[in-house]
Amino acid sequence: MDVSTFSSRKILITVIFAAVGLVYVLRLFQIQVVDSTYKQFADNNALRKIVQYPARGLIYDRNRELLVYNKAAYDLLVTPREAGFFDTLAFARLVDVPVEDFKAELTKAAAYSRYKPSVVVKQISHEKYATLQEQLYKMEGFYVQPRTLREYPQPMAAHALGYVGEVTQEMIDANPYYKSGDYIGISGIEASYEEDLRGRKGVRYYMVDVHNRLQGSYREGEMDTMATIGRNLITTLDSRIQAYAELLLQNKKGSVVAIEPSTGEVLALVNSPSYNPNLLVGRERGNNYARLLEDAVKPLFNRALMAQYPPGSTIKMAQGLIALQEGVITPETRFYCAHGYSSGNFRLGCHHDQSFKLSESIAKSCNAYFVYVLRAVLENSKYPGVREAYDTWRNRMMNLGFGRKLDSDLLNELKGNVPSSEYYERYVFKGSRWRALPVISLSIGQGELGITPFQLANYCAILANRGYYYIPHIVREIEGKSIPEKFRIRQETGINRSYFEPVIDGMEQAMMPGGTGAMSMIPGIAVCGKTGTAENPHGADHSVFMAFAPRESPRIAISVYVENGVWGSTYAAPIASLIIEKYLNDTISSQRVWLEESMLKANLMNPLIIPESGDEE
Amino acid sequence: MATRNKLWANIDWVTFFIFLLLVFLGWINIYAAVYDESHKSIFDISQQYGKQLIWIAAALLIGFMILIIESNFYVIFAYPIYAIAILFLLLVLVFGVEINGSKSWFVIGEFRLQPSEFSKFATALALAKLLSNFNFKLDSVNSLLKISLIILLPALLIFLQHDAGSSLVFAAFLLVLYREGLSGIILFFFVLIIILFLLSLLLPNHILLIFLFLGGLLAHYYLNQKFRMLIKILVITTMVILLVWGINRLTGSYLTLEYVILTGIISSLAAITIVVVRERIRRTMVVIVIFFASLIFTYSVDFVFNSVLESHHRDRINELLGIQSDPLGAGYNVNQSKIAIGSGGFLGKGFLKGTQTKFDFVPFQSTDFIFCTVGEEWGFVGSVTVISLFVFLFLRLVFLAERQRSVFSRVYGYSVASILFTHFVINIGMTLGLMPVIGIPLPFFSYGGSSLWAFTVLLFIFLRLDASRLDKLV
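Chains A and B, in that order, are what the protein sequence lines are.
Each step along the first sequence adds one to the number in my numbering, with nothing skipped, and position 48 is 48.
So the number in my numbering is just where the residue sits in the second sequence, counting from 1, plus 1000.
Think of the hints as simulated: they come from the structure by calculation, not from any bench.
Being a predicted model, the structure only gives us computed values, none of them experimental.
Just so you know, even glycine gets a beta-carbon here, dropped at the ideal spot from N, CA and C.
Hints should not be assumed to be uniformly reliable.
Claimed, not checked - Partial chain A-side listing against chain B, Cβ under 8 Å, derived: (1) 20; (2) 31; (3) 39; (4) 595.
Start from the sequences and build out the full structure, keeping to the hints where you can.
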């Protein structure tokens, strides 16, 4: 290779080397000599990023009574490298944590990062913060960050409201908005309306000097983002009857669901036993949660939405309606009850010896009548066989809101069970010809049928509306935003409006002298109701009741389950009637005070006084 | 004895003393950077500064050993040394340990070694060996393939260790090849690609498109000196763009402005190309080809940027270009580094008086960000001194390389200068906020045995070659 040809290129290379050196010298001159801002930065030599946590939206009841608000709490953070020497023991006492825990947190923070802040004590109460604040200036490297915690002025509706907790790693991975230490709604309204309630976090950058004193905002706040406060929610709950229902259910296991039929708004959602929502807030949340979880009476269990019970006799109206719609009976069709129903070896007991028409059979809750009714539906000659007729029946049941989720804004709704024809084919008929008798106990709400108290209340609203419903929901207004459109759409059930009157006649008669719920009559209010007994293989049967009132332009539809209460008329019906009376009249009439007292006193939590299971009503 | 004496007499002591000075300055700055009140002694071997002293002593021993070996050894064993280096790069991919996100370390007990550091001098030796082959012609495709293989193989293996910074250093060899006669156009393309890459991230595509077009026009004018044709092209293209714009407006504005301009330029260029080809204006044809190549490149940058680079690379480039700003996230290091250096002022805060580095605001302050300590404690004066020392070393190495009588020694000498220079440009540029954050050490300065020894070996082999430059043509 001819060396001389390219040796002149050494000049360009030399120039490149020297030019870069010169550029760097000029740059150094600029930032070290000309520009003085870096010196200021070094004086205020740390930037601190302070996350602005927005206050979570408040939650009100339908009358603007406050149900959930926020109280201030403070997280203590440390930047390990900035921390000087201090008395750990005294400091730990100051913030009210065991000194070992405090030391462990400090070690953890140092291991995470020497120059980034870590939280060492969470959720210091406002009172403790006042004393801490006086001492804090001495503690280099420590500072506090305000947070908000939930507070419940009147502890109620724990399951409906839900609770807030710290995000888990999975939640952080699933949604990058959340950072370690953030709070998130975990159940109830807190979870289903999380995005509205939480608002948006903001960030503020401050400059801090070596002595940990704030020196003002960084670049006049141009990088800061404002936090957006969460939206307030107005729920559909009526705290008056919510509280009253919780009181009536004390010392009993069960649930109450009340709905305003004309809107689908949930007026009360009560579970018993329940817990004080204030327990699931603050530093003790974890311990309290574990304690509640281990409690044998399951206070965390949301029975209203997640317990599946047989509907008992309350299902009879649905049977009547389906039969009317299918055209296999008329309101005047009579069937004879001879102390029950017999067909070959099959026998189902009842208490009467007379014939009934539809409305009477509901008022008297005649089992035999509804066995005839379901037989007529299933053996309808319109269909090629019982199986096809059953499929139609099942479809109509699902239109009435059974065997499926209602798609409300409450989480964890259970589907319940209206068995498919495949189920009976596989386990009952097994290839043989379909007959009505093996499935006939469905007609009186037994057998495989399973519903939730929530579905029962919705079904009651359908009866009150004579044929349609709005998807039950618990939030009425989201501040600055409308509630989901689906809650405003009328849902049809496919049952003709005219078929409801005879059924409702029966329900009204049931609440009159001679009817099954006569004891729970309310003077001056036309209540339409139906008692039931839900079979319980594990112990005494459950007391069930559903009702709406008043008969014309109903304002409330309610379902009540009292576990181990046996007959619907003994516990569920009186409790429901008291709630209805309270809601419609605001007081309990004097001649019913004894009933209120006996319900308040009743204790079904003690297994010794649980009555024996009785016969079918 | 006679040869031995001649050896010491022929060694370039100027370079040796700069080396010594840089190593010494590095050591005291490491001391300042990690200075800890409870370990005041600079000789405390439980601290980085104590350890660095051991690495320095070992480095001097290694340097001495390199000098007493016959210079022929390096020529004869150039390829085997390269092969061993490649083998180690492969082994570290299998047995290596991941530190700071790069799987490029062997860890044996307390001891850590980074083979990628040593692959640089091995590659320099292999390249020198190849280019010094007496019938080697740089301009044949075959030779270029061989050269690419030698340089890109270690670079690729290092890239696979997730150490993109170190593999980038291999671009240094472009300078060496340029000196040895590689066409300047390749260097020009390399620079063009970098500029286009940055511009396509900074500018909206349609503005860049217009710039490219105007650049092409200028190149065309410069090459042909036909002013009237220039005006014609400009007018035609503008009219075509306006036409496309008008049609687009009338038909319902399906195209964005960018595509209007793109369609206009491409269709008018297509027409111009036909004229150019017919009239056989070869130079303009080249310009048009380059223009279209740049166009394709620009549109592929987004893809490369988003699909090939890892997210922290993207963040660092975006930070540098000011596209994003996150002083406590991806931009934290650089922001703190600039504050540290900038706060040094003209004379600096004084030895051990730096507050930025003392309080750990700058991460990696003893390794990749060691220059911050220089800037903060020694100010403008100290920083310029260090930069001058480095530049003087590079110029000295060029001078030494040019006085070699063998191609091998010259290529190797330029390799040393270029590798050291690349580290210098990237490392100091990064601390000054002029380069993206690429974690590679500052030669002789940064804390760490592997890099210090590797740079020592790199430099001392050249000192040895230089010392025997008069012996014979190696």
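Outcome of the hint check:
1. 20: holds (6 Å)
2. 31: Given a least distance of 4 Å, the restraint on residue 31 (chain A) holds.
3. 39: With Cβ-Cβ at 5 Å, under 8 Å, it holds.
4. 595: violated (66 Å)
Checked against the numbered hints listed earlier, the structure breaks hint 4 alone; every other hint is satisfied.
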